[in-house]
Structures are given as C-alpha cells and as structure tokens.
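Chains A and B, in that order, are what the protein sequence lines are.
Those letters in the first sequence? Residues 0 to 299, by numbering that gives the first Met the number 0.
Those letters in the second sequence? Residues 0 to 312, by numbering that gives the first Met the number 0.
Bear in mind the hints are in silico, worked out from the structure with no lab data behind them.
Be a bit skeptical, because a hint or two may be false.
Unchecked claim - Computed Cβ-Cβ distance ranges for the label pairs, DEER-style:
#1 B:P237 / A:T62: 45 to 51 Å
#2 B:T214 / A:Y189: 23 to 29 Å
#3 B:H88 / A:S157: 54 to 60 Å
#4 B:L301 / A:R256: 40 to 46 Å
#5 B:A5 / A:Y189: 38 to 44 Å
#6 A:R256 / B:P237: 24 to 30 Å
#7 B:S168 / A:L291: 49 to 55 Å
#8 B:P237 / A:E186: 45 to 51 Å
#9 B:L111 / A:V130: 26 to 32 Å
#10 A:D128 / B:L84: 57 to 63 Å
#11 A:L213 / B:E171: 53 to 59 Å
#12 A:E186 / B:V9: 36 to 42 Å
#13 A:V130 / B:R157: 51 to 57 Å
Backbone N, C-alpha and C define an ideal beta-carbon position, used for all residues, glycine too.
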Amino acid sequence: MSATTHRYAAAPDLPAILPVPKERGRIAGFIYRHPTIFVGGLLVGLMIFIAIFAPYLGTKDPTALAPARRTREPSELYWFGTDMLGRDVYSRVLYGSRVSLMVGFSVAFCASILGTFIGLIAGFVRQIDAVVMRVMDGLMSIPPILLAIALMALTRASVQNVIIAISIAEFPRVSRLVRGVVLSLREQPYVEAAIASGTKVPVIIWKHILPNTLAPLMVQATFICASAMITEATLSFIGAGTPPIIPSWGNIMAEGRALWQVKPYIVFFPAIFLSITVLAVNLLGDGLRDALDPRLAKRL
Amino acid sequence: MLSYIARRIVATIPVVLMVALFVFSLLYIAPGDPAAIIAGDQATPADVERIRASLGLDRPFLVRFFDWFWHVLHGDLGTSIFTNLPVTHMIAQRIEPTVSLMTLTLILSLSLAIPMGVIAAWKHGTWIDRAVMMTAVLGFSTPVFVIGYVLAYIFALRLDWLPVQGFTSISEGLLPFLRNLILPAVALGLVYMALIARITRATMLDVLSQDYVRTAKAKGVGQRGVLFLHALKNAAVPIVTIVGIGFAALIGGAVVTESVFAIPGLGRLTVDAILRRDYPVIQGVVLLFSFVYVLVNLGVDLLYTLFDPRIRY
Chain A
0 MSATTHRYAA
10 APDLPAILPV
20 PKERGRIAGF
30 IYRHPTIFVG
40 GLLVGLMIFI
50 AIFAPYLGTK
60 DPTALAPARR
70 TREPSELYWF
80 GTDMLGRDVY
90 SRVLYGSRVS
100 LMVGFSVAFC
110 ASILGTFIGL
120 IAGFVRQIDA
130 VVMRVMDGLM
140 SIPPILLAIA
150 LMALTRASVQ
160 NVIIAISIAE
170 FPRVSRLVRG
180 VVLSLREQPY
190 VEAAIASGTK
200 VPVIIWKHIL
210 PNTLAPLMVQ
220 ATFICASAMI
230 TEATLSFIGA
240 GTPPIIPSWG
250 NIMAEGRALW
260 QVKPYIVFFP
270 AIFLSITVLA
280 VNLLGDGLRD
290 ALDPRLAKRL
Chain B
0 MLSYIARRIV
10 ATIPVVLMVA
20 LFVFSLLYIA
30 PGDPAAIIAG
40 DQATPADVER
50 IRASLGLDRP
60 FLVRFFDWFW
70 HVLHGDLGTS
80 IFTNLPVTHM
90 IAQRIEPTVS
100 LMTLTLILSL
110 SLAIPMGVIA
120 AWKHGTWIDR
130 AVMMTAVLGF
140 STPVFVIGYV
150 LAYIFALRLD
160 WLPVQGFTSI
170 SEGLLPFLRN
180 LILPAVALGL
190 VYMALIARIT
200 RATMLDVLSQ
210 DYVRTAKAKG
220 VGQRGVLFLH
230 ALKNAAVPIV
240 TIVGIGFAAL
250 IGGAVVTESV
260 FAIPGLGRLT
270 VDAILRRDYP
280 VIQGVVLLFS
290 FVYVLVNLGV
300 DLLYTLFDPR
310 IRY
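Could you put together the complete structure from these sequences and hints?
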C-alpha cells in the first residue's frame, strides 16, 4: 500500500475543505432551500385551481336535490357519495372550496388593511396611541371565535357578514404587530433624518415605514388566512355562518352531523379538504417566516 | 413584588371595562325593540313609549351601560328572552361540564406538550424533532370538530372502547367521568398542545445554547437536570405566555367540542342561544368567557415574577 502511495505522492490532492456546491437549477434550488413554501404553495395553488374550475371537474349542480338517491355510499357514479337530500357530496366539496378560499383571502386582506392603518396611526400619533391600544386590548380579550359568533348573531347570515365578523375578530393582532414595528422604526436614524429634514408624515409612512412592515405583515396575513378558514367552517358548523343554502365545507359537515355515525363520509370528505387547505396555508406561512427572517429559520 | 402585582391588577380594570362596553354594545345594537315586544301587537306608539321609559330604555347609552354594568357587578346578567330564567342561573346549570372539560384538557395538554417540546429541542434535527414539529403543524391545521369526529369514529365507533357522546359528572365516579371526557379533551387539546410544544421547543433551543447551560453540563449536572431544572425554568416565561394566549383557542374550541360530543355545557348553551337569538344569554356567556380569559392572562403575568424574579414593570 505504502509503495503505491509513494509513486504518486509528489503532489498530494488538496484536502476538500468545503464540499463542492451541488449544481442546482434556479427552481430546484428554491425547492431545496424552502421546501415548505413549495409544498404549501403547490397545495394552495391546487385548491385555487379547484375553486376556479369547479364546474369543469366532473361536478354536477351542488344544490340539486334528488331524494330518490339519498345517502348513497361513495361509488364510481358518486365519488364522495350523496348526502341525505341526494346531493352529490363531491360537487358540494369542490364548490365549497370557493367559500373557504374567498373567506380566507378576504379576511387576510381586510384585517391586514384595517390593522395596518390603525397600527400606523397608533405608532405615529402619540396622543391617541394609549386610547387606541386599550381598545385593541379590549377587543383581543374576547376570544376571536366568540367575538365572531356574537357579531354573526347580530346580523343576517351571509358570506359578506362572515368576512366582516372574522376580520373584526382578527385585525387587533395586526394593529399590534404594525404598531410594534412602527415604534422600533421611528427610532431608526434614517427615519429621524427624514423627520428632521421636514419630510411630511404621510411621505415618511409611505416611503420609509410601510415597506419595512410588509415582511412581517405578509407572514401574519397567511396565518390569519388559515385561522379565518377554520373560523368560517366553525361558524357554519354551529349554524352561525355561511347561509345553509351555499355549499361550504362547514355547512356540508353541519348537515352531515346527524348521520355521521352511519354515513361518516359526508363529514370526512369536506373535513379532509379543509384540513389540507389550512395545512397548506400554514406551511406557506411557516416557510415565508423562515425565508424572511433567517435568524428564526434555524430554530423553527 | 407587591407593587407589581397591584399594578398588574389595576391595569386589567380598563381592559375589563372595555370588554364590558363591547359586550353591552352588542345588546344595544341587537335587532328588535324589547319595548315593542313586551307591549304586544295591540299597543299604540304611546304605550310602547311608556314601556320604554319604564324599562329605562330611553336613557342615554352611557347611563344605560353603567346601570347594566352595576347589575353585572352584582351578579345580575339579565333574563333570557327564550326561557325567562335569569342568565346567571342558566350559566350555573351548565358550568360543570365545561369546567371539567377545560381542566382535563389543560392537564393533558401541559403534561404532554411541554415534555414533547423539551425532547424535540434536545434531539434537535433528528426524526423525533421533525415528528413532533409535523404533529404540531397538523395539530393547528385541523379544526377541533374534525379531530373530534376522527377520534370518535376510531375509538368509539370502530374500536368501541369509549362512549361516543355524553357527559357523566365526576360525582358519579372518576372512571365513567374520564371515559366520557377523554376524547373531547384530546380533541380540544390538540391545537393547544401544538401551540405549547412549538413555543417550548423554540425557547428551549434558545436557552440550551446559553453559557450557564454549558457550565451546568461541565460541572456534571445530568442531562435531565440540565433540561428540566436549568433550561426549562429559564424557558418558562414564553411558555406560560403562550399558555395564557392560547386559552382563547381553548374557549372557542370548547364551544364546538361540546356540540360534537353532546356535552351539556356552556358551549352548547352558546350555540343554542345563537340559534334562538337569545341575546342576553349570548351576552352573558361572552362576558363570562372573556372575563375568565382576562383573569387567566392576569394569572400568567403574576406567574412571571415566580419564574423570573428580575421582572419588575
């Protein structure tokens, strides 16, 4: 062995200090670095696809009654079976994705806008900060689902009212987050410089503050979206949400409740869709947080 | 120490007032005029006006609020529109199952989630860590009632180990009580466990990289001693914080869990009240739950001083 090494020993290979970086394409690299964003995004994309193209995915009218063929087990003809009124569960579940996604995205959007607005004002105008934040504390002391339930009890059941009720329950958290960011940014030299040089407050907010709140805001919005979907399903499930005539996942489960011991599939199919969608949005949020805050990424 | 406790207690007063104001506004803007309902179909507008005055409904908003709040402070939450019983009476009838459910859930969640988080941090990067984290993400992606149905389907319908639904009071024996309550408690607790396990793991990872942990290891403290004495005590503040904040999920979840498992508690009372639009009952339950939530978080604030004597606000 030593003899053989000697023959080539004149110039030994340099030890590999760093492993040679693996060549990856841009997309493969992204998937490798952020697997949760990829998986979450893919699943959310799939759900959006289902929601948009629900009429073309082999569905029937989700509200068409057919008492003659009620509570059929899942079969080739009825993939997810039929419910107690003979409606096709597969079609109802696919159309149900529309309600969930719309509520999730709308609440994330409304709560972010409202929360950002209030957070910016509270963070910038010292005189009203204390009052506004006490009101937010009060709102946050009511458990969100209860607050949404109470608000829904006041109004007529409609998707729009569900969105408003859940947004009101969720926005105080956003306002607290934005206010925190604003308070720490105010002390930054570049903001002080902008104030000292006489830049108008709206310009400072728009140009210097707002861009820096976007990253945490986006992460928060994803989590709000996930929690809004669960809240919508919960409200519908207990009969205080989306009107029963609209097929939403919560409504399908609420109607399947009476029969769930004998016909569990009516409850389970919407449940699986809901859980996968919420999981996807949560994965996306986790991935975004890790990507936008590398310090946390190593730990969480 | 005492002044911190006193200041924390005083600081909750505006929050409680704020909550009361919201809950009162709820009834104030609720559709339907109580005076018109009491007066009946035959009443003239003058009659309705007279009844309104006699009920004090013509007084300004704030006067009515403080009047109502004064009654609440004396334990009077009004009368149910539907049953005509005092709301406090209805709550008292239904409170035992809810308190039992939440207590069991709390015990289960804390005794499982904290060790899970600690072990995940200790075995950081291994499959145990990943399994715990995956379970946690799944845990708060699945609505409580879905978990409830899955558990009931497996353990009650398929395996026939536990009853499907219902509630047995603890006064009728511990075993029947637990048999009925274990599934709802697990279903309700999963979200809570996920929250606590995640934060425990994150904080423990932070703490385990601190110098004093290395010192403890160097001077020969055992693995368990390092994890549970040195590290966990210093990780306690964020953990109890999330236990307090997560209590909201527990309250919201209880409302749904009770519907799934047919438990005659406050959650069922809430759902029934919503379906009947029984506003005084909704108001009473929301007020009670919010008050409990504020108290729990006050308790958490006070616990801080126990875990971290440096805290002085």
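Tested hints:
no. : hint                        : result
1   : B:P237 / A:T62: 45 to 51 Å  : holds (48 Å)
2   : B:T214 / A:Y189: 23 to 29 Å : violated (41 Å)
3   : B:H88 / A:S157: 54 to 60 Å  : violated (34 Å)
4   : B:L301 / A:R256: 40 to 46 Å : holds (41 Å)
5   : B:A5 / A:Y189: 38 to 44 Å   : holds (41 Å)
6   : A:R256 / B:P237: 24 to 30 Å : violated (38 Å)
7   : B:S168 / A:L291: 49 to 55 Å : holds (50 Å)
8   : B:P237 / A:E186: 45 to 51 Å : violated (24 Å)
9   : B:L111 / A:V130: 26 to 32 Å : violated (42 Å)
10  : A:D128 / B:L84: 57 to 63 Å  : violated (44 Å)
11  : A:L213 / B:E171: 53 to 59 Å : holds (57 Å)
12  : A:E186 / B:V9: 36 to 42 Å   : violated (29 Å)
13  : A:V130 / B:R157: 51 to 57 Å : holds (56 Å)
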